[in-house]
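Full structure from sequences and hints, please.
Residue numbers for the sequence shown follow our numbering, beginning at 627 and rising by one.
Don't read these hints as lab results, they were simulated from the structure.
Honestly, I wouldn't trust all of these hints.
[Said to hold, decoys possible] Listed next, with one range per pair, are the computed distances between beta-carbon atoms: (1) 685 to 707: 16 to 26 Å; (2) 686 to 712: 17 to 27 Å; (3) 708 to 651: 26 to 36 Å; (4) 735 to 708: 37 to 47 Å; (5) 630 to 658: 35 to 45 Å; (6) 658 to 709: 39 to 49 Å; (7) 739 to 690: 12 to 22 Å.
We treat Cβ as the ideally placed atom computed from N, Cα and C, and that holds for glycine.
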Amino acid sequence: MSRSRTTWLATPLVATLGTLAGVLALYFGEAALVPWLSGPGDPPCGQPDCVLGVGLQMMAAAVLLVLVAAVVGIWLGRRHRDTADRASAVLRGFVVCGYCLLAYAIQSVIAWWPK
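Now the structure itself:
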């Protein structure tokens, strides 16, 4: 077990960077797939609605979830800093990242749901 005074920093680092990468991948993936999945003809929403409605909502959710991942990662890392080894610190970061990405995916399904 490798322990040092800075091992706990792996939790917020993995949580924040993992959430950032995942949110960017989901955002740009959805931006490319939603028009294709809706089929030919009309887009799923009009131009102002997509940009100002769903698009802005998804960007705000992405920023908010990256900040939440950073705060929760710091909180968990500092809470377990005395007993944490590197593997458990990284695992906690991935757990935070996974829950944040799950929340983003659920929010995007709700946002793109046909009205």
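Against the structure, the hints come out as follows:
no., hint, in the structure
1, 685 to 707: 16 to 26 Å, "33 Å, violated"
2, 686 to 712: 17 to 27 Å, "34 Å, violated"
3, 708 to 651: 26 to 36 Å, "35 Å, holds"
4, 735 to 708: 37 to 47 Å, "40 Å, holds"
5, 630 to 658: 35 to 45 Å, "42 Å, holds"
6, 658 to 709: 39 to 49 Å, "43 Å, holds"
7, 739 to 690: 12 to 22 Å, "20 Å, holds"
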